[in-house]
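Residue numbers (my numbering), protein chains in the order written: chain A, 55 to 533; chain B, 55 to 533; chain C, 55 to 533; chain D, 55 to 533.
The set of hints was computed from the structure by calculation and includes no laboratory data. Being a predicted model, the structure only gives us computed values, none of them experimental. Heads up, none of these hints are tricks.
Which copy is meant is left open, because identical chains are indistinguishable; a pair holds if it fits in one copy or across any two.
Straight-line alpha carbon distances no greater than 30 Å define the calculated DSS-like cross-link-like pairs of lysine-lysine that follow:
(1) K167 x K229
(2) K403 x K259
(3) K442 x K503
(4) K279 x K434
(5) K408 x K503
(6) K259 x K430
(7) K414 x K477
(8) K430 x K477
(9) K279 x K403
(10) K414 x K434
(11) K434 x K477
(12) K259 x K408
(13) K259 x K414
Number of protein chains: 4
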Amino acid sequence: MANSTDIDFQTMDPDPRPRDECGLFGIFDHPEAAQLTYFGLYALQHRGQESTGIAVAGDQEILAHKGMGLVSDVYDMPHLDQLGGGSAVGHVRYSTTGSSILTNAQPFVVHHKHRSYAVAHNGNLVNAHSLKDELEEAGSIFQTTMDSEVILHLLVKNLHYGFERSLLATVARLKGAFSFILLTSQGEVIGIKDPCGFRPLCLGKLNDTYVLASETCALDLVQAKFVRELDPGEIVIISKNGVKSLKTQAAPTRSFCIFEFIYFARPDSTFFGQNVYLARKANGRRLAREAPVDADLVMPFPDSGSYAAVGYSQESGIPYEMGMIRNHYVGRTFIQPTQSMRDFSVRVKLNPVKELLKGKDIIIIEDSIIRGTTAKSRVKTLRDLGVKRVHMRVSGPAHRFPCHYGIDFSTRGELIAANKSIKEMTDFLGLDSLHYLSIEGLLESTGIKDPENNFCRACFDGSYPVEFDASVTRNCMDT
Amino acid sequence: MANSTDIDFQTMDPDPRPRDECGLFGIFDHPEAAQLTYFGLYALQHRGQESTGIAVAGDQEILAHKGMGLVSDVYDMPHLDQLGGGSAVGHVRYSTTGSSILTNAQPFVVHHKHRSYAVAHNGNLVNAHSLKDELEEAGSIFQTTMDSEVILHLLVKNLHYGFERSLLATVARLKGAFSFILLTSQGEVIGIKDPCGFRPLCLGKLNDTYVLASETCALDLVQAKFVRELDPGEIVIISKNGVKSLKTQAAPTRSFCIFEFIYFARPDSTFFGQNVYLARKANGRRLAREAPVDADLVMPFPDSGSYAAVGYSQESGIPYEMGMIRNHYVGRTFIQPTQSMRDFSVRVKLNPVKELLKGKDIIIIEDSIIRGTTAKSRVKTLRDLGVKRVHMRVSGPAHRFPCHYGIDFSTRGELIAANKSIKEMTDFLGLDSLHYLSIEGLLESTGIKDPENNFCRACFDGSYPVEFDASVTRNCMDT
Amino acid sequence: MANSTDIDFQTMDPDPRPRDECGLFGIFDHPEAAQLTYFGLYALQHRGQESTGIAVAGDQEILAHKGMGLVSDVYDMPHLDQLGGGSAVGHVRYSTTGSSILTNAQPFVVHHKHRSYAVAHNGNLVNAHSLKDELEEAGSIFQTTMDSEVILHLLVKNLHYGFERSLLATVARLKGAFSFILLTSQGEVIGIKDPCGFRPLCLGKLNDTYVLASETCALDLVQAKFVRELDPGEIVIISKNGVKSLKTQAAPTRSFCIFEFIYFARPDSTFFGQNVYLARKANGRRLAREAPVDADLVMPFPDSGSYAAVGYSQESGIPYEMGMIRNHYVGRTFIQPTQSMRDFSVRVKLNPVKELLKGKDIIIIEDSIIRGTTAKSRVKTLRDLGVKRVHMRVSGPAHRFPCHYGIDFSTRGELIAANKSIKEMTDFLGLDSLHYLSIEGLLESTGIKDPENNFCRACFDGSYPVEFDASVTRNCMDT
Amino acid sequence: MANSTDIDFQTMDPDPRPRDECGLFGIFDHPEAAQLTYFGLYALQHRGQESTGIAVAGDQEILAHKGMGLVSDVYDMPHLDQLGGGSAVGHVRYSTTGSSILTNAQPFVVHHKHRSYAVAHNGNLVNAHSLKDELEEAGSIFQTTMDSEVILHLLVKNLHYGFERSLLATVARLKGAFSFILLTSQGEVIGIKDPCGFRPLCLGKLNDTYVLASETCALDLVQAKFVRELDPGEIVIISKNGVKSLKTQAAPTRSFCIFEFIYFARPDSTFFGQNVYLARKANGRRLAREAPVDADLVMPFPDSGSYAAVGYSQESGIPYEMGMIRNHYVGRTFIQPTQSMRDFSVRVKLNPVKELLKGKDIIIIEDSIIRGTTAKSRVKTLRDLGVKRVHMRVSGPAHRFPCHYGIDFSTRGELIAANKSIKEMTDFLGLDSLHYLSIEGLLESTGIKDPENNFCRACFDGSYPVEFDASVTRNCMDT
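Extracted from the complex, chain A is given alone in its bound form (with noise of 0.2 Å):
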């Protein structure tokens, strides 16, 4: 147990990096579901190390077993075995800080009439406040916080309509960002995804059955084969009859967040047939054409602008070097260092080579600037090393507005995009300079066609696909 003494690094770190919501993974009927589900959530670790949970449905009821932290911490053996075969849904989900977590730890299993529900959600509902509302004045209690929980009381009121009425009456009902896999006890399982498509899900095939998942590399890991994505609004259900489609109204264009290309997903996920590596390096090249700058040698700030610094390097002819070592053992709590160590944080993972840096000039690659604190620091180190000159690029568009839709950054106040100039923020960073890859610039890199039709972007531009309340700025309705 984490000592009261000891500090979190997430709340060390004056600069957060902006943080997805969870990773999905369902299966329907195997006789190892659950082991085949620790797989598929270790696979998506990245997407959310808060806690994990695996639910089973197996000879008519659904058990579960979740926790806080890693899949490799949660489960052992004897959990898997206890869970057994059937249909399975899993979940990780990011780590956030507040009281009676485990609480929130999904999947998210309710009893009615014999039945019981699997609730595995990635997304932030918009109209969830009123949804709650009208629900209590009829006199529903919720359990949790947690907008996953809105779902499985409107599917319940609805179901006196069937089963699959109640799913498209339930997702009529539901605005904002959301891609969630149900499980039932009678073991069907279900993928839904909202009508602008902003979270990822797709569907794959493992030999007999299949299986979803929140990015293609899960289905790598199973070794299960990538059959497609989900439409937006499109409703999945897989069971004994095979996979059948539901059809809700679908926005007018896709608004597939992406965020998911520049930052969240793993480099060997594909979406839409365009592969995230691919893609990251496609930005950096073109960032080498939109911002190019004479310098020694460019290297990433250090590890997840890693692949548009390839990408750079390789436009500009400029050598791609690894300035800053990253200690691999960092824990995810520390000892405080004493008063004496400035800027422990950023140098306990973080170290850089100087006799590669000395007397260089540098250009470093980012992905993405928060509040800036983080970066400040990490030029400072490497001018009192003795770098001549640091110029910064960054892979994607200057973050102005926040995300209404799961995104966990800061609020606007916070965004130093939103609230200084270019040349401010290249005066605070202690840069030499300073550039942003156009809206443009990253759309088109992509390699999607019709981009502007098919990303959300309001992060960017502020042109949100979606209303929403503007009293709910985050994605858990704290009450």
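Given the structure of chain A, go ahead and fit chains B, C and D onto it with the hints provided.
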């Protein structure tokens, strides 16, 4: 974590003790509410060792901490500090088996219309199934299989009548045995006892505030003064306006579980002015009169019959001895003994004092016989070391009927006294003689006036005070 | 892990009980040696709860597993499987404080010339310091501050004489109280008792092999038959040639620690043919004759004096009662109570039965008074609830001298009986009267023939059987 | 705790990486000695993950805390507070298997004549067996099977000459590779390097005091300034009198382990003025000249060859890519995959970017091939997804000889390069071509002057700088 090759003594033991359900503690508005609740639960630990939880209402919201295991293992100081002050309710739950058991730990917290409610429950609703069907028909979904959840659904459904009326309407719908403490996010603490008064719940005063507890031993530990028992059917609301009592329709006679006197309660607790220790000793005295026998010594077998054994000795003049020595360090789990170690589960806990017992005529005092297998083994151990005659005297009547109000006796088929005559039992157990205390003897030795109209004794004579659905024989609704 | 804000009851308790050092168990060549040693230690757990270890010699090497805490916590099945069969020795150690304590857990294993040796020790060497100085002068280095390590250094230094001669030469150098079991990587198991026979050690037979144990209760659990006690100064070598006995120079009289009879040993154990339970009851009977007083009831205070209280009651005819109820779920660590909770460390463990005690004249039976502070608190608790007269009778003589042979009494300055008269103690403790059992009474009630020449009673009368270095008053060599 | 059904990746992996033994850190007289040592070990964690320990000498005694696992798991703030300030030495140890492993955790602390000594060791003594025989003949006993213990025995045996002379006499007796830090209870910190200088150890200055560390990256983290490397055969004594250097007989040439440059050391560390990152990149450049081949891309395979791959790309002009994506959340233990999941241990850690690699000619850069089985699996994975040609270039020479100085390579029989020709290896691994860097190429690309006389390269050419006992091939003396 218990290793999978370890075995649990409960499962090793072929003849488990009857087990109570729960202990409750609540306190209104105190700066150390969480800590005092912790101590209250500590004193009530004998009522349940499976799981425990504390919920505190401070600053308009309810925080809770729950865990599997003993009070001393589940909480540490940071937990209590985090829960802080305000009003609180706590719960200890008995050890059962089954999946996803942390889910069933109480208090149970729900959210509704910007308020939260926590409930801690001791008892069993006999109409939980039909209430649940009705609620589900109207769209309610259930998180657990606990009947405590039904209470909260009903409460919320009726809130439009106002809070007090909703409480009355809720209690009016419930049938069975129930004492519960309800906590609201506004800080009110409500104690509720069913119309028959099956389960204990009393009110105490701690300086300027009030507490509720299952037994007076918890009042003693937190140094609260006993005020009074709740009446059957009473609702006590503790708020900043003091203590307000609402009365619902009480049953014509009280049906307090007489097993609290025989076995469940701590001997230093007092119900209706009668101390449990003295009642148990009186049982033993009465037993000596009802079933005298000549012997060299009288001894408990070994622990739970101690007080009755002292009484038997005092009445009969036969010396009291402690002939079986308990190992005080027996843990909950144990490494599987080797095949060659016979009767290990009996012997590891107890070792007879050979020098005291060899060649003697002895009387052993038990408080109950459920299946009889443990008693049989222990009697054999005594015979093996050379005890001459073994007489058993049981300080309660024979168990012939299952409990439908929450006590986890075995089913009727497993109750030895329901299936064998006294003669057959004497033979089966390897005794020279066997006598049970009469029902009259038990009732009179409690010291309670008009005992005929104050106790449920259905497990002895099958007269169930409240009708029950024959299909519901356990305290949880295993759907 | 105990949280740093938790406090340990031992340190809360202002008046700790005297504590023995250790329990020993050994077995020669058995396919389940590790498992049987585990069970033997289980039965001896009352002799030490700080740490435990098992070492097994199989296949020419010694494997060991040790840990802090109780036997039931330290080992699991994989540990025992890994240790496997062969010959084994095990140890339980009492709870003390101090740094790097796992280092001091026994058995202590060393390697020398392709052989290994493990030793488990119970006692205290009074000449450990001078032996250590001598060994260090010759270049020996020490891993611990335990005197057990001295034994092994001496053994190895003398091995060139041959193994048996080395054993004899080693024992000849040791002064003080010591029973130990030595295990060699060749599988021999050697039991050794000091010339005065201070500490217990007995030989048992389990089918075709032999075991050694501190108390007969361990033989009972593994179903071994008691063969005999080791004699003072005896060395017993168990090997494939059977049991061989070597005799060293014994002291003219035996000095068995009489505190084993009063307090340390389990009541179901037997020494020199006298059962401990019966001896303690005889103490009580003698006490009733030596110090009679009229009263309503006699009670233990509450646990360790139980057997003497039964004896007192039987002799005096005054009823035996259990007036203080122990909470059986008190854990080892506890959350700090609030300032306002007075006498908490007393009350959390015990609650008096008010209805039994109020207005009564009572006799409380203790087995020893060390500092007196706990007794004082408990007496006050009784007075506060309205007990009329409180007489204390102690089932042993007054402790006026420290033990130099390994019992962790307080220093003389802290022993209340060394510093106050009976009258002063009576006043200090708040009693109406106080009487100790006489030394003669104690000796006679053990039932041992010629008790004058069989017991060490230095803590009562200061007659130390073995000279000691006045600067060494603790059982470990704190360098 | 790892469940017994879990498996460890190290044991799953059929082709483990070569593993270094240890990392060392020491600091003289600092109020935060324990904490700074903790941070120093954090930076050196890559040198050993099995166990770690910190010993602090304050107030004339040495306190230590050790544990199995990572620095971030073993210590918490209370541990460091308890260790406190003074002088300190710390150690990280590599992961091995075997029983009673905590016993082997360092620093190793012993007591002698009211003083204590702690030693932390990196290396392997080739004459440990004969030294041990000699010591045992004189009566020394050993607690562990570590050669570090021999050092302390020798030191103490010679102390009558005085401390410095004893150090010199001790070092004169040791043969093999050894860098160690010795701490005395008087607070002196002594760094010692063997006459050949096999293992790294350097001196740094932190404000007014001095530190010792295996690598400069540890100096960087605690913000100490690099002073100098210890010379071969040098003894550095840090005391309140400053730094004193004693010289023993150095070997005619230095034999620094060249594997520090290729694999062990962190790339941000520097030895003899040459940065490791730059040396590895130079290896890659040299490799591109020695073994050019036409291809579409060059990539690491995937991690340890990154720096050489960058060099190869820069020299050849072939684009650098990261074609295999590592799952950053792979834990140390893993649930056994199902039978049907082929090559799981390879795939769970790595997933190739199919879209990047399909149909391409690629060069993969490895830094070493031990058994070749992992490489074979990975090459097959690439072939399976449609890579056209796979060329492997190894950034070091072929391993044909075992290390006798402490590096845990496989035995000669397991070294693929010792048993197969390049042609056979190419076929076995499924490659289109395979080339190793030449020894000359490696030596020159370190950038060290006169490299022929500065490095041990016995694992490549069998020229062992120090004679060894052929029967001793492991770094511990498994008696």
